[in-house]
Each structure stands twice: as C-alpha cells, then as structure tokens.
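Protein chains in written order, with numbering that gives the first Met the number 0: chain A, 0 to 351; chain B, 0 to 351; chain C, 0 to 351.
No lab work stands behind these hints, which were simulated from the structure alone.
Please read all numbers here as calculations on a predicted model, not as lab measurements.
Where hints are given, some of them may not hold.
Which copy is meant is left open, so a pair is good if it fits within one copy or across any two.
The calculated lysine to aspartate or glutamate pairs, modelled on EDC-like cross-linking and capped at a C-alpha distance of 16 Å, are [stated by the list, open to error]:
1. 262 / 20
2. 262 / 247
3. 262 / 223
4. 299 / 65
5. 196 / 78
6. 299 / 311
7. 299 / 20
8. 299 / 14
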Amino acid sequence: MGATLGEIVSALGGELVGAADLWVATMAPLETAGSQSIAFLAHPKYRSQLESTQAACVIVAPALKDAACERGAAIVTPDPYLYFARLTQWWAARTRPAPSCEIHPSAVVDPTAVIGERVTVGPLAVIEAGAVIGDDAVIGPHCVIGRHARIGASTRLSAHVVIGFDCTVGAACIFHSGVVIGADGFGFAPHEGQWVKIEQLGAVRIGDHVEIGANTCIDRGALDDTVVENGVKLDNLVQIGHNVHIGEHVAMAGCAGVAGSAKIGAHCTVGGAGMVLGHLTLAEGVHVSSGTLVTRSIHKPGLYTGVFPFDENAAWEKNAATARHLYSMRDRLRAIEKQLKNHDNDGHSQDS
Amino acid sequence: MGATLGEIVSALGGELVGAADLWVATMAPLETAGSQSIAFLAHPKYRSQLESTQAACVIVAPALKDAACERGAAIVTPDPYLYFARLTQWWAARTRPAPSCEIHPSAVVDPTAVIGERVTVGPLAVIEAGAVIGDDAVIGPHCVIGRHARIGASTRLSAHVVIGFDCTVGAACIFHSGVVIGADGFGFAPHEGQWVKIEQLGAVRIGDHVEIGANTCIDRGALDDTVVENGVKLDNLVQIGHNVHIGEHVAMAGCAGVAGSAKIGAHCTVGGAGMVLGHLTLAEGVHVSSGTLVTRSIHKPGLYTGVFPFDENAAWEKNAATARHLYSMRDRLRAIEKQLKNHDNDGHSQDS
Amino acid sequence: MGATLGEIVSALGGELVGAADLWVATMAPLETAGSQSIAFLAHPKYRSQLESTQAACVIVAPALKDAACERGAAIVTPDPYLYFARLTQWWAARTRPAPSCEIHPSAVVDPTAVIGERVTVGPLAVIEAGAVIGDDAVIGPHCVIGRHARIGASTRLSAHVVIGFDCTVGAACIFHSGVVIGADGFGFAPHEGQWVKIEQLGAVRIGDHVEIGANTCIDRGALDDTVVENGVKLDNLVQIGHNVHIGEHVAMAGCAGVAGSAKIGAHCTVGGAGMVLGHLTLAEGVHVSSGTLVTRSIHKPGLYTGVFPFDENAAWEKNAATARHLYSMRDRLRAIEKQLKNHDNDGHSQDS
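Make a model of the complete structure from these sequences and hints.
Listed below in structure tokens is the structure:
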C-alpha cells in the first residue's frame with residue numbers, strides 16, 4: 000500500500016517541500032512515526048516532538064514550515080489537523096476493500112423492499128417489508144431494517160445495527176455495530192402502583208452525515224418523532240430518549256445521555272458521561288463537560304460543568320462528609336459575620 | 000387508519016362531548032396537534048395550551064370539561080394520562096400489523112425446543128435445545144434463546160435479544176433490541192495479582208409484564224439467581240449486576256445501574272444514570288434522582304439526591320477547587336466560633 | 000449432577016474434614032444453603048453465618064476449622080474465596096455441555112478464513128475473509144469475525160459478538176454477548192462548524208485471559224492500535240476509547256469508561272460508572288471509586304474518589320445550592336480571619 004508525497008499532494012493539495020517521489024508506508028503520530036511514516040503537527044504545544052520524530056514527512060502549518068523543513072520533507076497547509084483528517088479518508092479509500100455491491104444470498108430481503116443501485120447487503124441481514132435502501136448503501140451482516148424504514152444513499156451500517164420500523168436515516172451516515180434506532184421510548188402512566196405502557200407511535204428521523212457509535216440507542220417518539228439533524232456525531236453507548244431533538248453538528252462523547260423531549264441546539268457538545276435531563280433546552284453552542292448532569296435549561300452559549308473533584312479517598316471522605324453540612328456552614332458563617340458587625344458597631348459607639 | 004371518537008369511547012370508556020362520528024387521523028401533543036388530531040391534557044399547568052391547540056378533540060379531567068368543550072370535542076375521564084396510555088395501546092393494536100404466528104424458515108430451532116401455539120419466530124433467530132416458548136410469544140429476528148431458557152406467553156422480543164441458557168422470562172414482557180439476559184456476572188477471586196474467574200452458576204428469573212430497553216444487560220447470578228419481579232420497567236443501557244433483586248413495579252431510567260447483590264424494594268424508581276452500589280438495600284418506595292450514586296442502604300422511602308450542581312465552567316472551577324478544602328474550612332469555622340465565644344466570655348467577665 | 004466431597008478435594012486439594020462420600024447437589028451462599036449444598040466462608044465478618052447455615056460442607060480458612068467442624072463437614076484451605084472460584088470452574092466444567100466442535104451449517108464462513116482444530120462455530124455466525132480462529136475456540140451464534148481478525152486458542156465468544164477487521168484477540172478470552180471490538184474511534188476535525196471524519200486506521204489488540212462483559216465496546220485506534228493487555232477484566236457496558244492502553248490485570252466494573260489515548264497502568268481497578276478522561280495516565284495500582292470522574296493523571300497508587308454524597312433530596316438541595324457559593328464562602332472566611340487577627344493585634348497593642 001502506501002503512497003508517494005506527490006500522490007498525496009496531488010489528491011489533497013498543500014505545499015510539498017521535499018521530493019514528490021518520496022514514498023510513505025504508513026500514517027503515524029509524531030511520537031511513534033518511523034522513517035517510512037507521514038505524521039502531522041496540529042498544535043504548537045507538540046512542537047518539541049518535531050525535532051525528535053523519525054517521520055519521513057510532517058504536515059505542518061505555515062508558521063512551522065522552516066522548523067519542519069530543517070529535518071526533512073513537509074507538507075505545508077493552513078490547518079494540519081483537517082489535512083490529516085482528509086488524508087485518513089484518502090488513505091482508507093485506497094487501502095480498504097470496496098463494498099461488494101451485492102446482496103448476500105443468506106440475507107433475508109422482503110420482496111416488497113426497494114433496494115437501490117450498487118447496494119451491499121451483508122450475510123444474514125434482514126430487510127423487512129416496504130423498507131427502502133438508497134443507492135450505494137452498505138448494510139452490514141446481521142443488520143435488521145424494519146418495515147417501511149428508509150436508509151439514505153451511501154449510508155454504511157456496520158454489523159448488528161437495528162433500524163426500527165418507519166424510521167428514516169439520511170444519506171452518507173455511518174452507524175457502528177450494535178446501534179439500535181427506534182426502540183420504544185420509556186413512557187408509562189402510573190396506575191394503582193403499576194405502570195401502564197404508552198405505546199410509542201412516533202419514529203426516529205436522522206439527517207445526513209450522521210455518525211453513531213457502537214451500542215448507542217435512539218428511541219422512537221411517543222407521538223411525534225425523535226429527530227437528529229444533519230452532521231451529528233454520537234460516540235458509543237450514548238442514550239437518546241424519545242422526542243429528543245438534536246440540532247445540526249452536535250457531538251456527544253461516549254456514555255452521554257439525553258432524556259426525553261430535551262432540545263439540544265446546533266453545535267453543542269456533550270463530554271463523556273454528560274447527561275441532559277428531560278424537557279430541557281440547550282441553546283446553540285452550549286458545551287457540557289464530561290460527567291456533568293444538566294438539570295435546567297441553558298440559554299447562553301458557553302462551557303458548563305458540575306463534577307465533585309476527585310481526590311485521594313481519605314481527603315475526599317472528609318470533604319464529602321463536610322459537604323453534607325454546607326448549608327449549616329453558611330448559616331454559621333452568616334452568624335459570625337453578624338456578630339462581628341454588631342461588635343464593630345458596639346465598638347464604634349463606645350468610641351464615639 | 001384513524002378512528003371516530005365514537006369508536007374510541009366505545010373501546011375505552013369516558014364521557015364524549017361532541018359528535019361520535021367525528022374522525023381523528025392521529026394522536027398528537029396539544030402543541031403540535033392539527034385539526035384531525037386527538038390530544039390530551041394531563042396536567043393543569045398545560046391548561047393554557049388548551050386555548051391554542053388545533054386538536055379536534057382533547058382528553059381532559061372533569062375539572063377542565065367546560066374549558067375543553069368551549070373549543071371543540073372532548074373526552075372527559077378522571078385520569079387523562081392513563082386514558083391516553085390506553086388509547087396508544089388501542090391505536091397501536093389497530094394500526095400495526097399482527098405477528099405472523101409463523102416460524103420463519105431461516106430460523107434455527109433445535110428440535111428439542113418446545114414452541115407454543117401461535118408463536119412467531121423471526122428470520123434467523125436461534126432457539127437452542129430444550130428452550131420453551133410460550134403461546135403467542137414473538138421472537139424477533141436474530142434473537143438467541145439459550146438452552147433450557149423459558150419465554151412466557153405473549154412476551155415479545157425485538158430483534159437481537161439474547162436470553163442466556165437456563166434463564167426464565169415471564170409472560171407479557173417486552174424486551175427491546177440488544178438486550179442481553181444472563182451474561183456472566185462480574186466475579187473474580189484475586190490471586191497473586193491476577194483474577195481467577197468465578198463461574199456464574201445461577202441464572203436470571205424475570206417476572207411478568209416486565210419491559211426492558213435497548214442494550215440493557217441483566218447478569219446471571221453467581222450461585223443463586225438474579226431476580227426481576229413483575230411489572231418492572233427498565234430503560235435503555237441499564238446494567239443489572241449478578242444476584243440483584245429488583246422488586247415489583249420498579250422503574251429505572253436510561254444508563255442507570257445496580258451493582259451485584261443489591262436489593263431494590265418494590266415501587267422504587269432510579270433516574271437516568273443513577274447508580275446503586277453492591278450489596279445495598281433500598282426500601283420500598285425509595286426514589287433515586289438522576290446522576291445520583293447510592294453508597295449506603297436506604298431504609299426510609301423518599302427522594303434521594305447527590306449531584307454536584309453544574310454551573311458556568313469558570314464558576315464551577317472556583318467552587319470545585321474550594322470543595323477540596325471543605326473540611327479545613329469547617330475547621331477554620333470552628334476555630335473562629337471558639338475564638339468569638341472566648342472573646343464574648345472575656346467580655347462578659349469584664350462586664351461583670 | 001452434584002459431586003462428593005472426595006471428588007472435590009481430589010480435584011482441587013484442601014483438607015477434608017468429614018466423609019469423602021458425602022454428596023452435595025449444589026453450591027450455595029451460606030445464607031441460602033440447604034442440607035445438600037456446599038458453601039464457603041471467605042471473610043471473618045460472616046462468621047456468625049457459620050452457626051446458622053444449613054450447608055452440608057463449608058470451605059473455610061484454617062483459623063475457622065474448629066468452628067466449622069463443630070457443625071459438620073469442612074474443607075480447610077488457606078484462601079477459601081480462591082478455592083470457591085476454582086470450585087465453580089470445576090463445577091461448571093462438569094455440568095455444562097461441552098462445545099460441539101462443529102461449524103454449524105448455517106454459519107457463513109469465508110473460504111479464505113483459517114479455522115483451527117476443534118473449533119465451534121455457532122448457528123448464523125459470520126467469519127469473513129482471512130480471519131483466523133485458534134484451536135478450541137468457540138464462536139457463538141450470530142458473531143461476526145471481521146476480515147483478517149484473529150481469535151486466539153480456547154477463546155469463547157458468546158452470541159452476538161462483533162470483532163472488527165484486523166483486530167486480534169488472544170487466547171483463553173471470554174467475551175459476552177453484544178461486545179463490539181473495533182468500531183471506529185470517535186475522531187473528527189472541526190471545519191467551518193462541521194465535523195470532518197478522521198478514519199480510524201488502527202485496530203484493537205487484546206491479550207490472553209481477557210474477559211469482556213455484555214455490550215462493552217472497545218474502539219479501534221486512529222493510527223496506532225488500542226491495546227488491552229493480558230488478564231484484563233471488563234464488566235458490562237464499559238466504553239474504551241481509541242488508542243487507550245489498558246495494563247495487565249486491570250478490572251473495571253459496569254458502565255465505566257476510558258476516553259481516548261488514556262493509559263491505565265497494570266493492576267488498576269475502576270468502580271462502576273467510574274470514568275477516566277482522555278490522554279491521562281494512571282500509575283500501576285490506582286483504584287478509582289465508583290462514580291468518580293478522573294480529570295487529571297494519577298501518578299501515585301491508592302484509592303481515589305470524587306462523588307457528591309447523596310442525601311435526602313431536601314437536605315441535598317440546600318447543600319447543593321450552597322456549593323455554588325463555596326468560593327465566596329472561603330473569601331468570607333478569610334475576611335473574618337483577617338478581621339479577627341487585626342482585632343487581636345489591636346487588642347494586644349492596647350494591652351501593651
């Protein structure tokens with residue numbers, strides 16, 4: 000495999016400083032790059048690695064061009080991290096086998112399903128009645144596409160993805176293994192100490208260019224649909240409740256969760272294990288830190304955090320025990336302040 | 000599809016105010032209901048929506064009958080939310096295709112498995128030796144029913160559910176895709192810096208009317224069984240450790256977890272990402288807030304919470320840094336109180 | 000099934016006090032053991048249960064030999080918990096059916112896959128091109144072994160496990176249902192308000208004797224591999240990000256997570272729902288408590304915790320509200336201390 004620097008620059012642009020026929024076998028981080036690797040330097044704080052790296056070629060920003068060229072070949076580009084991202088895509092397209100564009104004979108495809116051009120359906124996949132699969136889509140082994148579900152063009156589902164009935168997935172999406180779209184939302188009416196099921200009559204609508212990580216779940220709406228807009232990226236083991244609305248280009252890290260009917264504005268991010276309670280609204284551009292539970296709506300963009308800081312257990316135990324008396328500490332503080340103020344006043348009156 | 004108000008009231012009861020032949024096409028929330036929708040008003044705080052809704056008919060409590068009738072048709076019932084729940088069930092039963100009551104030819108069913116009457120087994124499901132499937136059960140595509148597992152009558156498993164060997168599931172349960180029942184509990188004996196596996200010899204016993212969300216896991220017991228009683232509702236991505244006992248009609252929201260051997264009393268609820276540590280006991284009627292870690296047993300019903308409140312990151316950082324000095328702050332507070340008391344005493348002695 | 004005490008001691012060692020032909024039908028906890036059960040007493044704090052247990056035989060440490068023998072048969076061994084672990088293994092091997100050592104005819108095995116001796120491939124499993132399955136391995140129903148993936152000898156995969164292309168799994172591993180190895184790591188370059196995918200070109204390398212719980216995910220690396228060393232034990236619903244390195248004999252409980260590029264030293268443990276942020280390093284022997292978010296590297300072995308203590312909701316509300324003013328409380332405390340110090344100084348100067 001591998002590529003010459005000339006091939007790379009011709010495909011992706013950038014200014015090449017060095018020999019166009021220099022060949023690189025792998026992409027690698029600066030630290031572990033060998034003499035046949037191409038690496039990138041995205042952040043000035045890693046500049047010191049530039050001197051020690053063994054990489055044959057480094058992708059750098061213009062400000063680091065001179066430093067990079069002192070040590071070997073370089074590709075100069077305004078945004079090295081973006082260039083790196085595109086290089087990984089170009090690299091993967093060259094090195095990974097193309098989809099077969101065939102329906103595996105072991106797949107169970109309902110005769111009423113509509114399958115587009117050049118679709119790949121993996122072994123033992125199930126495509127139910129009335130489902131529609133767009134051109135160039137790839138349906139992995141053991142996927143289940145429910146009745147009347149729609150998968151957009153060029154969308155790729157890894158093995159073991161379940162798309163529930165009536166749900167729609169846009170174009171150019173990537174869903175990883177174990178994703179479950181369209182399970183019932185969690186809705187019950189309490190009645191005499193028991194829970195009466197509210198059948199979930201909505202579906203899930205997912206836009207284009209959405210990527211969803213392994214074992215992540217997005218529930219169908221109770222009456223209206225759960226909606227995930229274009230360009231959203233969800234990591235693994237994320238839970239999206241019924242009737243949630245996730246705006247464009249939101250990103251959520253692993254183990255995050257959004258409870259029912261919450262509205263997440265465009266360009267929000269949620270860190271790992273961050274949670275948003277139900278029926279809340281997050282404005283565009285809100286960033287929730289890892290491990291933070293959002294308990295009320297946030298109307299102002301910015302970074303929000305709520306985590307008890309970790310410590311050696313013995314220190315934490317003392318501080319945590321005290322945390323249970325915080326309110327009374329504040330009362331005591333007030334009492335002292337009042338006492339001191341009175342005392343001062345007394346003092347002043349004596350002085351006068 | 001759709002239904003007339005007369006059909007609805009004849010099936011579900013309630014007092015109809017309006018034309019029995021008025022036809023509604025969809026169920027919808029008050030806010031988004033169109034002129035062919037039926038909606039419900041469950042809580043007086045949404046009363047203002049009654050005036051603005053376009054719904055053809057609104058389900059209301061007697062107290063709101065007059066207000067509802069001013070604007071159009073109404074169904075009056077003591078508990079509109081419960082009525083709504085039942086209406087979704089009736090609606091789903093009318094609009095969704097009935098199970099095929101057939102064993103799909105691609106399913107792999109061991110000849111020693113016992114399959115009840117009118118059972119549906121989806122494509123590519125696997126039913127192992129000695130498994131027993133109750134009447135009217137629905138086994139989704141790609142489900143695996145382990146050897147000697149038992150599935151109760153009318154239980155429905157969505158696609159990709161795994162029921163481990165020897166586990167039992169009651170009647171009228173609903174398990175969503177990706178549920179794993181009966182994986183090994185997490186048990187190891189430490190030995191010379193390594194972990195020696197404790198084979199998990201128990202199973203999982205699940206009662207009737209239990210609903211389990213997508214990708215939720217319930218582990219088998221080490222020696223005795225893990226037990227989930229009747230009517231329990233678990234949301235998606237919930238983790239139930241080995242030998243846990245969950246009492247009747249408990250509900251747990253998404254990403255909640257219960258560690259091994261904990262006992263959760265009947266009618267408890269756990270909010271999203273709430274966690275209960277191992278070997279603890281929760282009394283009946285304990286409610287754990289979202290994001291709360293329960294670190295000791297709770298013997299008194301009530302609502303329990305433990306979350307560091309979130310804030311703008313800069314404010315949080317200052318408060319969190321201080322939280323690591325809470326204990327010393329309390330010491331300092333005490334010292335001041337003592338000093339002031341001594342001072343006062345000095346003052347008093349001078350006064351006297 | 001069952002076994003005589005003689006058979007047990009002859010297989011696993013230990014000093015038998017009692018009749019070698021005494022037969023036990025089940026293994027059970029002390030509390031629920033019946034008169035045909037064998038139980039164990041691992042910790043002196045449960046000693047009181049020794050008197051009340053109905054067990055036919057109790058496994059005890061030498062210090063409790065006399066107490067155990069007063070009530071019936073006993074097996075005396077230095078580490079009863081370890082003995083119990085080994086007994087469960089011996090018991091399971093006797094009572095569970097052996098793997099069939101056959102490739103089920105419904106499995107889809109690529110002709111270029113290399114299948115070892117005595118391998119079991121369950122119904123409807125998929126083994127892709129170039130995959131290598133070691134001797135005595137068991138591949139469960141519906142598993143997918145990606146192209147060029149390698150599964151070590153005697154490794155057992157339960158139903159519905161996905162091993163991504165190019166990933167390697169060592170020998171004698173146990174992966175439970177729904178495990179996803181080698182989904183793409185969560186990597187995107189921001190560009191004009193959108194996310195540009197970084198194709199994940201690394202894989203996952205897993206050592207020997209690794210056990211992974213149901214629905215747990217380990218992502219493939221961006222450029223280098225994600226690595227899990229020998230003897231690691233992960234519980235259910237655990238998330239391991241790309242390029243994480245997990246040292247030997249680490250154990251992580253359910254719902255734990257490790258973000259990308261973190262390095263977890265050997266013999267660390269992470270409690271349930273414990274989280275480690277990306278790019279951090281945990282030294283060997285670090286123990287993270289349940290529910291704790293690790294936000295900076297830890298270089299010293301020990302137990303670390305960070306959780307807001309839970310309380311009755313009303314008390315928590317007051318304390319949590321105060322927690323948002325912690326920093327200003329510290330300022331006020333300082334001001335008081337200063338004032339008192341000045342006051343004292345004033346007093347002293349008056350005294351002088």
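Structure-based check of each hint:
In the homo-oligomer, the alpha carbons of residue 262 and residue 20 never lie at most 16 Å apart, since the shortest distance is 52 Å inside one protomer and 37 Å across protomers. When the C-alpha separation of residue 262 and residue 247 is checked against a cutoff of 16 Å, the pair qualifies only within one copy, where the shortest distance is 12 Å, while the shortest distance between copies is 33 Å. In this homomeric assembly, residue 262 and residue 223 come within 16 Å of each other (Cα to Cα) only inside a single copy, at 14 Å, whereas the closest approach across copies is 37 Å. Taking the closest pair of Cα atoms, residue 299 and residue 65 never come within 16 Å of each other, the shortest separation being 42 Å inside a single copy and 41 Å across copies.
In this homomeric assembly, residue 196 and residue 78 come within 16 Å of each other (Cα to Cα) only across copies, at 15 Å, whereas the closest approach inside a single copy is 52 Å. Taking identical chains as interchangeable, the C-alpha atoms of residue 299 and residue 311 lie at most 16 Å apart only when they sit on different chains, with a minimum of 10 Å there against 35 Å within one chain. With identical chains, the CA atoms of residue 299 and residue 20 are never at most 16 Å apart, being 52 Å at best within one copy and 49 Å at best between copies. Taking CA atoms no more than 16 Å apart as the test, residue 299 paired with residue 14 passes in neither setting, with 41 Å inside one copy and 46 Å between copies.
In this structure, the earlier hints numbered 1, 4, 7 and 8 are contradicted, and the remaining ones agree with it.
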